[in-house]
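Trainee: For chain W, the structure is supplied; the task is to place chains P, Z and H on it using the hints.
4 protein chains.
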Amino acid sequence: MLAERYPYYLANRPRQPNAELAVTDKYSGEVVTHVALADAGAVEEAIAAAVRATGPMRRLAPYARQEVLEHCVRRFRERAEELAFALCVEAGKPLRDARGEVTRLIDTFKAAAEEAVRIEGEVLNLEVSRRAAGYRGFTQRVPVGPCSFITPFNFPLNLVAHKVAPAIAAGCPFVLKPSDRTPVSSMILAEVLAETNLPEGAFSVLPTRLEDVGPFIEDDRLKLLSFTGSEKVGWELKARAGRKKVVLELGGNAACVVDRDQGDRLDFIADRVSHGAFFQAGQSCISVQRVLVHEELYDALRERLVARARALRAGNPRDEATTLGPMIDEPAARRLEGWIQRAVERGARVLTGGGRRGALLEATVLEGVPADEPLSAEEAFGPVVLLQPFRAFDEALRVVNEGRYGLQAGLFTNDLSKAMRAWDELEVGGVVVGDVPSFRVDTMPYGGVKGSGLGREGVKYAIEDMTELRLLVLRQE
Amino acid sequence: MLAERYPYYLANRPRQPNAELAVTDKYSGEVVTHVALADAGAVEEAIAAAVRATGPMRRLAPYARQEVLEHCVRRFRERAEELAFALCVEAGKPLRDARGEVTRLIDTFKAAAEEAVRIEGEVLNLEVSRRAAGYRGFTQRVPVGPCSFITPFNFPLNLVAHKVAPAIAAGCPFVLKPSDRTPVSSMILAEVLAETNLPEGAFSVLPTRLEDVGPFIEDDRLKLLSFTGSEKVGWELKARAGRKKVVLELGGNAACVVDRDQGDRLDFIADRVSHGAFFQAGQSCISVQRVLVHEELYDALRERLVARARALRAGNPRDEATTLGPMIDEPAARRLEGWIQRAVERGARVLTGGGRRGALLEATVLEGVPADEPLSAEEAFGPVVLLQPFRAFDEALRVVNEGRYGLQAGLFTNDLSKAMRAWDELEVGGVVVGDVPSFRVDTMPYGGVKGSGLGREGVKYAIEDMTELRLLVLRQE
Amino acid sequence: MLAERYPYYLANRPRQPNAELAVTDKYSGEVVTHVALADAGAVEEAIAAAVRATGPMRRLAPYARQEVLEHCVRRFRERAEELAFALCVEAGKPLRDARGEVTRLIDTFKAAAEEAVRIEGEVLNLEVSRRAAGYRGFTQRVPVGPCSFITPFNFPLNLVAHKVAPAIAAGCPFVLKPSDRTPVSSMILAEVLAETNLPEGAFSVLPTRLEDVGPFIEDDRLKLLSFTGSEKVGWELKARAGRKKVVLELGGNAACVVDRDQGDRLDFIADRVSHGAFFQAGQSCISVQRVLVHEELYDALRERLVARARALRAGNPRDEATTLGPMIDEPAARRLEGWIQRAVERGARVLTGGGRRGALLEATVLEGVPADEPLSAEEAFGPVVLLQPFRAFDEALRVVNEGRYGLQAGLFTNDLSKAMRAWDELEVGGVVVGDVPSFRVDTMPYGGVKGSGLGREGVKYAIEDMTELRLLVLRQE
Amino acid sequence: MLAERYPYYLANRPRQPNAELAVTDKYSGEVVTHVALADAGAVEEAIAAAVRATGPMRRLAPYARQEVLEHCVRRFRERAEELAFALCVEAGKPLRDARGEVTRLIDTFKAAAEEAVRIEGEVLNLEVSRRAAGYRGFTQRVPVGPCSFITPFNFPLNLVAHKVAPAIAAGCPFVLKPSDRTPVSSMILAEVLAETNLPEGAFSVLPTRLEDVGPFIEDDRLKLLSFTGSEKVGWELKARAGRKKVVLELGGNAACVVDRDQGDRLDFIADRVSHGAFFQAGQSCISVQRVLVHEELYDALRERLVARARALRAGNPRDEATTLGPMIDEPAARRLEGWIQRAVERGARVLTGGGRRGALLEATVLEGVPADEPLSAEEAFGPVVLLQPFRAFDEALRVVNEGRYGLQAGLFTNDLSKAMRAWDELEVGGVVVGDVPSFRVDTMPYGGVKGSGLGREGVKYAIEDMTELRLLVLRQE
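Protein sequences, first through last, are from chains W, P, Z and H.
Residue numbers 21 to 497, in my numbering, belong to the letters of the first sequence in order.
Residue numbers 21 to 497, in my numbering, belong to the letters of the second sequence in order.
Residue numbers 21 to 497, in my numbering, belong to the letters of the third sequence in order.
Residue numbers 21 to 497, in my numbering, belong to the letters of the fourth sequence in order.
Chain W on its own, in the form it takes in the complex:
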């Protein structure tokens, strides 16, 4: 169902230069299609076009922005199977997961369509002291201008949607560099955008070689850089970003706490943790990496989790029965395999899994991993989960907070005061009580603290970042 080749989109229009990127099936490793590759000149052209589109985008009426987004929703629904297939092939994502991502793509654009007509302001009382008698204030949110987006391979549609859809709602032109490992999904998205009457220059989607990426980061005509990807790259970008606002959605080593009162819910918890840990081969920023279990429940949950992990069906993601696909490539799988081995050398026990075939790493459950091992302290970004018992709840909170990251944390408890304490004490962007940290609905504020990033996505929150307050003061005659 994939095309033989995909153009890139520069200033709303497809372009097919000679240079191309070969895109592989992440399971078989075979090249399945090609995507046009933008050079430095194309990047410059795209930025210049985005700058020219600033005014037209700002003046595009809210209902017109809504219509553009609603068109996308309709078309994504029509092309849902094609999109899911593209994801499946280029990202190695089991079909069922791929379909789930398409559903969320639609949710994200739908939410943005609804928000597009809800960007409003405030009428301020300025008469707070005698010297301001007769003044009144008004605010509106105006688009910040051209935005720069750099997106990762793990959700090639929905993490792109979380930047693109709010940008359209907010009235910002943008240039997008998708992951060069999974560019196809973005290209189909661009194809759909090109069907709309967005002003010329409103969008460019440009697969770009690393050496040509500089302007996405450094060009000061771009007013906001929104990056989703690795921690290391993210913080480097911030330092190079010049005057831009910077939004960073980076990684994590998300923890999940299972409290003592959950004895009768262990099957449910095992299901959720297994899903949170192994869903799309653990390649999610909020994949469950560490599970802290109250010592009284530890053995029982361990047993169930191991069983769940073993029940997963690894294989070709195109196969409807597959529940565990490959990691993005073999080097990634090797890197994680190496971390597992290092941990084992320092005393960790592999309870199940650990094996690797090409990019396909088995669903792996470990215990006894030292906290300072990469497997625990770094972002694993693969189908691995570590178990660890705890005795006192406060100790569990402390362990969660020790990490370098702070994206989301899960907490299985029905204890009201512990839930509130976790909300108050955990240094993360979000605490999920009653589920794994991997929970995300596309309208909620989402983002990390500490090493995990800066700013919040989630449609309305992204729009806030992509607009700025402009005050009007009226002096009453």
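Some hints could be false.
Since copy identity is lost for identical chains, a pair holds within one copy or between any two.
[Said to hold, decoys possible] Dumping the calculated SDA-like pairs for lysine to any residue here, alpha-carbon to alpha-carbon at most 25 Å:
hint, residue 1, residue 2
1, 265, 422
2, 265, 343
3, 265, 160
4, 265, 445
5, 265, 433
6, 252, 433
7, 265, 372
8, 265, 162
9, 252, 262
10, 265, 421
11, 265, 364
12, 265, 240
13, 265, 75
14, 265, 98
15, 252, 422
If you're looking for bench data, these hints aren't it; they were derived computationally from the structure.
Computed from a prediction, not measured in an experiment: that's the story for all the values here.
Mentor: Structure of chains P, Z and H alone, referenced to chain W:
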């Protein structure tokens, strides 16, 4: 410390006509002071003055409204002991409780001072469809105009404050009829208001005979009627209120649920319930009247509650050691005594208390009161609390909901899902988890559903009711 | 295109009893269809079913409410021509106007679909004083319960939509009594609602004889009464409404001010005023009834307006060329004809129009109408507009404010300080600068003050009325 | 009235090391006092103490934060004259202006006290799609942690207050480096803070040599850097700020447009422009630097402005009659004198002023300054104003937008559509209609775009920056 006589205030100024109201010490029954009594002509004058003050009050700048309220805060602090003494004498309120009410009076005015400069509006996006292209909207909140306030005897200062302070913040002139049993506190409050530069006519505080009260309710020049008092009177007023907005803060027979998991907190719970039930002789809309206790904890809590009730020290409220004062008058105490007797005849057991000396009813704990007895189904408004065991949590929720009232409910539990279920299912204005229903902080939204009233007080919420949205649409050239 | 007969809908299901209402073509007077008529028993059944549906509607998830509303949007789009035709016939509305109303019906349901997932609450800081240390507050908005809706003939679809769509979004079951002169549109709407999976009892649409209407108003199981209609009836309902919340959208005699600086925009203004005055034969609550024109522009605007009025094409609304249809019935047209004659007897001059053929009254422009004549002071609700010159802007504001009504006012000016002054001084629900008072977009807050009503509609605002705040207080352990 | 020497404050406590900074009277140049100087070790200690204070500050209850801020308000009122005198001497600010700044210091702390109990969150509906059934969301704002503040010399009290007061309200400890030219005011402020019960480490105020400033910018234990100062320094700091959030309040060359319709308001406008341009010797970020006047009014306004400039009384700021004080030092005055000379060489005409005596530059009005001269294109930051005629309004808007800066713009017009156009089109943080761009009230959102900075101050807005959203998701059982 009380004056020999108090004038009423008409259009900001004291007036001392011949007719007077004798005010008694609620403990001794002796007449301790007199307050001037407004006749029909005075009421008419006050309303006409309030109408004339509508424009000036609306134009009073927010910072000027704030200054008025801050002046009150300062003066209440200076006169705190005098205010507490007045409450103690005219309402029979133990000194400690009276001081507590003065503290809350100050909190309420302070909150209103802060809100006075925060009455703001919104800038609306109207371009939701093509036909609205070029239009934008703005809202501001403008004062509704002259307001009518009728207040009860049980919190002669703070329930007055909950109407008066928001009115000043909102820019509404008002006429206030305080309870004829406790008019002194309002008069001191009026005295302080008269020190400010509120526009003439901005306030009138008029003790009025029942036969002259009509215009407070029916006069259509008054735009809002805010009444705190009995259920029966409240709903009658609504039918007579003409075109006015109506806010009703009526009574309740507040219930408190003690769940199975609270075994180690019974001492704390007994303290809180005893406070919630017997504080100012139970004469509070959110006094604890019914306690539903899980059957496993029933005996243990009963024992503790009975002990608490017995430990209260009934007597002269002027005595610093007194913790239980008289009810507002002997007929009120007799009415409740009668209800107790009726209940006993139908099988209820008095665990402690039940005796009466004049207006002083003993702190009374009962069990086995049939649900359809007035003592359970009506507002007791006295120092009485009924205990009742339950087996299943849902049963407890159902019992709370059965009543005719719906003000607040308390729930002692640490079970997260039960707390959420109670919030979702209980038909009340507020659910208090971890404390008795009697909890109120003066900035929170407060008010009932079903028989308990209409609308919400709490400074910001009252201001909302006292203002109305005025839209501005601008068609862009 | 109309069916031969229409059932009513009781508890989501069609029912075809013997009693029927004959519906006439408002132009020809011929009976064109019949609609089933509910008797007292049916009304009681519907209310009881609504009460039973309270819980299920409250628990219907937001996304499920959204789906119901989106289904309606889709179906209204599909059946748009049929709906427009029904309006045209039963309300005598020119086809173009009828199509416009269908567009707005869709807008209203679309806005409600978007709001259905945006009914949210607040996390409150309660720690405003030492005594509240450790407490926190949360609010949610819960549906008020079964609602009662009574709607008029002039917008048989969109004024119904403004009650029905927010009710579904808010989670309130409802019983609706449409105007007995235009019940068909509501029946088609009910037909579409019946296709959804709304819980049984969620809606009943019941044409009802006057003598059976009582429970819609008085039954206290219904928690809110929302009425759109005449002033006289509206305020009577309020007095009979018992404990219900009451929203009244009543009439007006809307004024429009044309300021001195508008000399070069008179053609545009004449277009807009003509539209505002004669659109659907002036039968709109915000029809332009009075035009105050600066004396320097008076003659020039009068001339243009008269020309516009004469250019209207009166006739059969089914005819695509018709721009002026009949009033709702001959008695209505006669009533207004009589007002015109009374005014003429007191010195008013008819500049054009004044004639009547059956229910069809000519587009009529007058000047010199005394302010106390019904034609000026009452709601004309027909194709009549009065001109009046003014000299000073403040005088014009005063005239606008003198009336008994206060719905919306129009103001043609480009003077910033006058626009602000009008916003501050005009006692109306909305001031429209740069257009006629007849402007309304379906999401904006809409409603009157003084005689024009109580409360605001506009999807989000109606939802606010149909829900109430429920507080949760948590005492921190 | 100044002390002989001032300690610095490290972790809430005064410390008097050997190293000291000599502070001069900016008019006489004489050393008037000494302030202790922090070395690298002290900076490290302060940061470590701030980190330790993170938890205690977060847990400090809102009412307790309010009490701290209210204490400051009280003390600033008591010490107002002393503070004004310090400003007068160390900043060379005329006494009247100095008193004005103290008033605003108080306003800022008062606003922060009020906001301290209003930092709240939202209850989110997450059930936007079937997959989120049963989830609900809650947000709270938690303090970001230790903050770093660097402040300039021109408002040594109020620009410090705009960082310090919101930090206390938000619950953030901070380290502050005041300008080394005006450290005394901050030291008095620190003295007052030291009287409160802020947790140890909550604040450090450290005059620091340039070579020791690094950690204020680069230390990643500090979570936010808020800098007010020059454009050049600001953007450099951003690149060095590591993972911190960065707020930059930089300079501008604020423009003011006087439109054609303002002929009868020229005296008022001349007063305001003169104030906006020469107030505290033009050393304000929003000082009026460029005035664009409609050509028809140009001559008349020029004449009035020149007269105003000449009427200013330059001299010793301690003298009550002085209205124009010195610039901060002689090099600054020389720099600006040089710019004037450069401009004159390229054809500019000095209409009045231009002379310099030490740091005292005369109030200078010029015309004909080329747009690319530093005097026009850079931030003058001195008592200089440039006049320029324009013909078409759109041309004026274009000129305002051409600059590199975008802080605030002023617009004298009474034309509604032009005001709206300016609000929509001007690329600035705030548009002031009816007054000069120099208008600021301390609660309004304030800050620039383009070269003028990043983020908004104004108490509530600064608090937003100093807190971050923390989500709680509850999965309903």
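Trainee: If a hint holds in the structure, say so; if it doesn't, say that too.
Mentor: Each hint, compared with the structure:
Proximity of residue 265 and residue 422 under a CA criterion of 25 Å is satisfied inter-copy only: 21 Å between copies versus 28 Å inside one chain copy. For a Cα distance limit of 25 Å, the shortest separation of residue 265 from residue 343 qualifies neither inside one copy, at 39 Å, nor across copies, at 40 Å. Proximity of residue 265 to residue 160 under the C-alpha cut-off of 25 Å is found in both arrangements, the shortest distances being 19 Å within a copy and 23 Å between copies. For a Cα distance limit of 25 Å, the shortest separation of residue 265 from residue 445 across copies, 21 Å, qualifies, whereas the shortest one inside one copy, 28 Å, does not.
Taking the closest pair of Cα atoms, residue 265 and residue 433 never come within 25 Å of each other, the shortest separation being 38 Å inside a single copy and 34 Å across copies. Taking the shortest Cα distances, residue 252 and residue 433 never come within 25 Å of each other, neither inside one copy (34 Å) nor across copies (45 Å). In this assembly of identical chains, the alpha carbons of residue 265 and residue 372 never lie at most 25 Å apart, being 44 Å within a copy and 42 Å across copies at closest. Taking CA atoms no more than 25 Å apart as the test, residue 265 paired with residue 162 passes in both settings, with 15 Å inside one copy and 21 Å between copies.
Taking the closest pair of Cα atoms, residue 252 and residue 262 come within 25 Å of each other both inside a single copy (18 Å) and across two copies (12 Å). For the homomeric pair residue 265 and residue 421, the shortest alpha-carbon distance between copies (20 Å) is at most 25 Å, but the shortest distance inside one copy (27 Å) is not. For the identical chains of this complex, residue 265 and residue 364 are neighbours neither inside a copy (42 Å) nor across copies (39 Å), given an alpha-carbon limit of 25 Å. For the identical chains of this complex, residue 265 and residue 240 are neighbours both inside a copy (10 Å) and across copies (19 Å), given an alpha-carbon limit of 25 Å.
Taking the shortest Cα distances, residue 265 and residue 75 sit within 25 Å of each other inside one copy (19 Å), while across copies they are farther apart (29 Å). For a Cα distance limit of 25 Å, the shortest separation of residue 265 from residue 98 qualifies neither inside one copy, at 36 Å, nor across copies, at 42 Å. Taking identical chains as interchangeable, the C-alpha atoms of residue 252 and residue 422 lie at most 25 Å apart only when both belong to the same chain, with a minimum of 19 Å there against 38 Å between chains.
Comparing the model with each earlier hint shows violations of hints 2, 5, 6, 7, 11, 14; every other hint is respected.
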